[in-house]
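There are 2 protein chains.
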Amino acid sequence: MFLRRLLLLLCLLVAAHRSVADDGYRLWLKYDLISDPGLRKDYQKAAGFIVGAGNSPILKTAAEELQQGLQGLLGQTVPIHSAAKKGKGGIILVVEATANVSGGALGKDGYRIAEQGGNLVVTGSTESGVLYGAFALLRQLQTRQPLRGISLSSSPRIQYRLLNHWDNPNGTVERGYAGSSIWKWYELPERIDPRYQDYARANASIGINGVVINNVNASARYLTPEYLEKVVALASVMRPYGIRVYLSVLWAAPKVIGGLASSDPLDPKVKQWWTAKTDEIYKAIPDFGGFLVKANSEGEPGPQDYGRDHADGANMLADALGAHDGLVMWRAFVYKANSNGDRFKEAYQEFKPLDGRFKPKTLVQVKNGPIDFQAREPFHPLFGAMPRTPLVLEVQLTQEYLGFATHWVYLAPMFKETLDADTYANGPGSTVAKVVDGSVDQHAISGIAGVANIGADRNWTGHPMGQANWYAFGRLAWDYTLSSQTIAEEWARQTLTADAPAVRTIADVMVRSHGIYTRYTMPLGLHHIMGQTIHYGPEPWLASSARPDWTAVYYHKADAVGLGFDRTEKGSNALALYKPEVQRRWNDPSTCPPNYLLWFHHVPWTQPLSTGRTLWNELCTRYYTGADSVTWMQQQWATVKPQVDAELHADVAARLQTQRKEALWWRDACVLYFQSFAKQPIPAPFSPPERTLDEIKRLVTIYQLR
Amino acid sequence: MFLRRLLLLLCLLVAAHRSVADDGYRLWLKYDLISDPGLRKDYQKAAGFIVGAGNSPILKTAAEELQQGLQGLLGQTVPIHSAAKKGKGGIILVVEATANVSGGALGKDGYRIAEQGGNLVVTGSTESGVLYGAFALLRQLQTRQPLRGISLSSSPRIQYRLLNHWDNPNGTVERGYAGSSIWKWYELPERIDPRYQDYARANASIGINGVVINNVNASARYLTPEYLEKVVALASVMRPYGIRVYLSVLWAAPKVIGGLASSDPLDPKVKQWWTAKTDEIYKAIPDFGGFLVKANSEGEPGPQDYGRDHADGANMLADALGAHDGLVMWRAFVYKANSNGDRFKEAYQEFKPLDGRFKPKTLVQVKNGPIDFQAREPFHPLFGAMPRTPLVLEVQLTQEYLGFATHWVYLAPMFKETLDADTYANGPGSTVAKVVDGSVDQHAISGIAGVANIGADRNWTGHPMGQANWYAFGRLAWDYTLSSQTIAEEWARQTLTADAPAVRTIADVMVRSHGIYTRYTMPLGLHHIMGQTIHYGPEPWLASSARPDWTAVYYHKADAVGLGFDRTEKGSNALALYKPEVQRRWNDPSTCPPNYLLWFHHVPWTQPLSTGRTLWNELCTRYYTGADSVTWMQQQWATVKPQVDAELHADVAARLQTQRKEALWWRDACVLYFQSFAKQPIPAPFSPPERTLDEIKRLVTIYQLR
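Here the protein sequences come in this chain order: A and B.
Letter 80 of the first sequence, counting from 1, is numbered 80 in the UniProt record's numbering, and no numbers are missing.
Letter 247 of the second sequence, counting from 1, is numbered 247 in the UniProt record's numbering, and no numbers are missing.
Rather than coming from a laboratory, the hints here were simulated on the basis of the structure.
Any given hint could be a false lead.
Stated by the list, open to error - Label pairs and their computed distance ranges (CB to CB):
(1) B:233 - A:580: 38 to 46 Å
(2) A:486 - B:324: 54 to 62 Å
(3) A:25 - B:283: 33 to 41 Å
(4) A:284 - B:690: 17 to 25 Å
(5) A:324 - B:340: 52 to 60 Å
(6) A:486 - B:697: 51 to 59 Å
(7) B:25 - A:284: 28 to 36 Å
(8) B:217 - A:543: 24 to 32 Å
Claimed, not checked - Mimicking DMTMM-like on lysine to aspartate or glutamate, the simulated pairs with C-alpha atoms at most 20 Å apart in a straight line are:
(9) B:641 - B:499
(10) B:277 - A:695
(11) A:697 - B:229
Stated by the list, open to error - Per the computed footprint, the stretches of chain A lying under chain B, defined by three or more beta-carbons under 8 Å from a beta-carbon of chain B, are:
(12) 166 to 180
(13) 185 to 191
(14) 218 to 226
(15) 402 to 416
(16) 613 to 619
(17) 657 to 663
All residues carry an ideal CB built from backbone N, CA and C; glycine is no exception.
Whenever a hint applies, use it, and build me the whole structure from the sequences.
So, in structure tokens, the structure goes:
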């Protein structure tokens, strides 16, 4: 007994020792020993053994992940029995394809956790369902929920939940702010970095079931036998976690590595090449997920090079997939060079007419908004406009336009804003989420993609709080009805502190952080006014670039009269792309939500807004209060210092200092620049910036030097 | 007593737990508990307390590093007393500028460790000397040397021992194979990554006292007030470790950030700008080290843009330094574009005439060989040719041409080959080392620079064995008379295993590894036949590039007659750049060491060599035995499996598999390609490659795709 207590003490000390230097590597799967002895005892009683349901790799993973988690949380080794074992007080893993829950059948990959015959029974409708259930059970313990009388079930609302890595073969990550790529191409396939498994574990724990491992600006390398061997090695790490590997493909691959003269999708040789290549891939990776394609976009090759359209291209790949269980995800992020029109409309104009042309197993992948992952965008007009085509929602977890790795911005509210937006495609309630999950148009397949914020930095995401965006993406992909607040608390509880008031404080900051960021960078619907090469700094004065739609003035259209892009019928009429109900809400500047105002209207500086202030005064108010809110974030963070690991607290505190500095940079840049058009003073009670616009321009220039 | 034992057990357990998952982060400073109780007791008796010599930051570091190291090694907290303490059995730190050792005065920054009055007294001639002595004392414990009767002393032979980081402001590292840059420019100055201190500690432990933090292809950002603040933050972490920060500067900075019309070194405005900038830097960083310059090289701007020469440029910067204690290191790595001559001679031809023109505090930094960090190069002809100019030896730790992070190549033998080479500049014994340390020409300043192999990968260097190259560089910079074998054993003992036979086995592999690498890649003096964009793969057939001297055929000159670059007087006469004694040795193909043969001679395929084989047969023999030696390395590594951490062992074993694969790649590429000229069969007992040259060319192409 004494010895046992002693060992426990030892475990506690080791745990304490570890938490002293929390480097963030363990993410939300920390599994530190539960310090409340009563609670620990309760859990120990309920988790005396694990009975696996079989020997398949995924079920084995489920049992082992449970064992590993319980080892940490309970400080004891919970034995795994492969065959059914009589007894009580254990965890039983069961696959039951026809499992029911109170609402009917358990959905595909869903799970149910219930007390039954004195045991905790984790039932999955598939093997992956069991794995998700195992992680859900661990989450119950991590968040200190009672197990007695437990009865919960959950099924994913979206079928394909993918991370997209914009990782290059040379180890860099396009728009990555967390170090180099986690994929070590020069080491593969011989060396399997142990980190790959930790990555897979983290993904499985939040329900992610697919990863596109390479940049959409794709290298053809991955389709060569030499690189496929490397992909095979990665796939073998992902497979036991229920994760399928996908590849971004270079459209010109048949020319670049196939030795063909063309990549014309209607050329029989090209079709034959892709078919053979696809067969080769599936021979090596039987559960290969499929292809992601960026074509005829930002200089990438595509079917239009041969007078074909996107559907021709996507369908050819769908044909190549043939009987294989795979998908084609074709990106709608296209906009012609040298456009004199409105970039807002271009993807719609190119893709809407193709609706109905896409073959089964082909999905069109659409960014959340019409431009490019701006701090806030109205939902993309393609959602609801292509009823005969399943659409994948693509959101960006990496903070390309949201402060890189120095700004604390929790993205769940932004994702939710898109997901909850009503397209009215099929009457009220036709939210983007319901378009995406297939329920509006009765599609059999559904998908969502998050552009990963993951790199080789020890803590995976650069900013420690960036982990929450990875986590929230997975949770929302699984169930978009979860609230931002719930997810924030769940994440903070598992990742940062067991202290309930501290969790609430942190979650509160998280939930407000996106609104704060937009206020000090692009309030009232301003967009695309960031630095040309550093997307986290301001450059609203940017007037010339390789393309007009890469400048800032193209978007904000500031002049002596006012500010904003007129997209009503007097302007570009992009509003007409939406259903009438949406148009009605946004068409009138006096009813248009202030957050979208300058997306759709050129508003006079002196125009009073619904807030009671003129545009100019409201703009200044948002920039100033936004920047000041970072100080509030700092204050809130300071209050949780005793409850959070010291090194991690210092890390976030330092980044908040930078964020405050950069918020002032944005504020001063924008109010001074727009003031040169508005010709009005900074309204009271705010003090004018202490620096000049030229000084800020010089600062921006520094960050854009070679 | 029981409790004490228990705590010890606990420490052992924690230590054991840590060693199970050795991720390489701790480098050679592991400080794991000494498991031999007798030895531990001896050490404990000798290290009962530490008496610091004062409160200066560097001395504080020395005491704290000792305390931290002893905490780990001995499992006990050794108290630090700031004032003198009577008693025995402690460690006393003393600064004594006039300290003597048996051979005379202790050199600058040297240390002496001796038993004295029952204490261990660590005397440094400077504060840094004390710090180096503290690390030397820890090294004694780490390598389990007896402390009783200890009496050792050491002083650095070269004064400025620098790492050069080729790190870019965007976080990439030019020629880096260990992840992204460790410097987080977007986070600085607010956030100080704890890793910076670990980096400084590692450097100080091996005597490195300066770091150039940015790429020689320099951004002007670092000279702006915005970035200087960041540099200040880094300097403040380095300072307590006796490390000074240096900057690579962009020659065009006065234009790019200074708003001047010119960067002409003789323009008074330019001089004024640099003087003011230098003053600004020293005001912020009083111990700033100075400037490193790559000018008029590979497209970089320089004084020649204004009709001035390198001395004009360097001297202007030296003037700008004025009374500040700093240096200008001006790189001699220059070669004109579109040259029809011999790149071998170009740096010599440009810099030799400038000897005597450089002002004090200006050093010319010369790569070890005349081309560019090839797997093996003869020493650079500038060594010994510029008696009036102190020369910095620049070597490359990052394995740009030595297998990136998948080949195990221990570089000490290569560094030693250069250091020990006799230039005969001032009669026999005028080795490169003695030119560099200033003794041949009586220079007051001396320097050595290693291009860092450090990145943000958890284990710092990508290949775990790359750590040994960082270590060996520091040790040789301190004392180039140390043998490669000694350093290898010392490093392996501290880093990999306490088992003496295993250490010997590992050191044996290390010492042979460079010879093996050159055999399977560029034997007999072949050079610059690597892939155009992937410098670790073969591309001897490369015949066209942006510049002729970026191809392979420019260097190997294979034809129907033979192979190699004739640099005798019948050829480019580059040999004439060396002293007659050197020329004599290398001028005759029959006496020229085989390792340098094709550097200087175009040798007929059928020519018998000193080895008894014809050139063709010797070439094939080296490629085949070289590649087979990787199998030997694998076998040797397999034998130490029980003595090395499992994860680390697996890591190296996997990389060796890749190395074997790539050695065969090199072998097959080169023998097949050269066979097309030699028109001879692969000699017995070797089997011809099973693949064709075209197949290998396709493979090389894959690795050079976008």
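Okay, the hints, checked on the actual structure:
no.	hint	in the structure
1	B:233 - A:580: 38 to 46 Å	violated, 56 Å
2	A:486 - B:324: 54 to 62 Å	holds, 59 Å
3	A:25 - B:283: 33 to 41 Å	holds, 40 Å
4	A:284 - B:690: 17 to 25 Å	holds, 22 Å
5	A:324 - B:340: 52 to 60 Å	holds, 56 Å
6	A:486 - B:697: 51 to 59 Å	holds, 57 Å
7	B:25 - A:284: 28 to 36 Å	holds, 35 Å
8	B:217 - A:543: 24 to 32 Å	holds, 30 Å
9	B:641 - B:499	holds, 11 Å
10	B:277 - A:695	holds, 18 Å
11	A:697 - B:229	holds, 19 Å
12	166 to 180	holds (count 6)
13	185 to 191	holds (count 4)
14	218 to 226	holds (count 5)
15	402 to 416	holds (count 3)
16	613 to 619	violated (count 0)
17	657 to 663	holds (count 3)
Of the hints listed earlier, those the structure fails to meet are numbers 1 and 16, in rising order.
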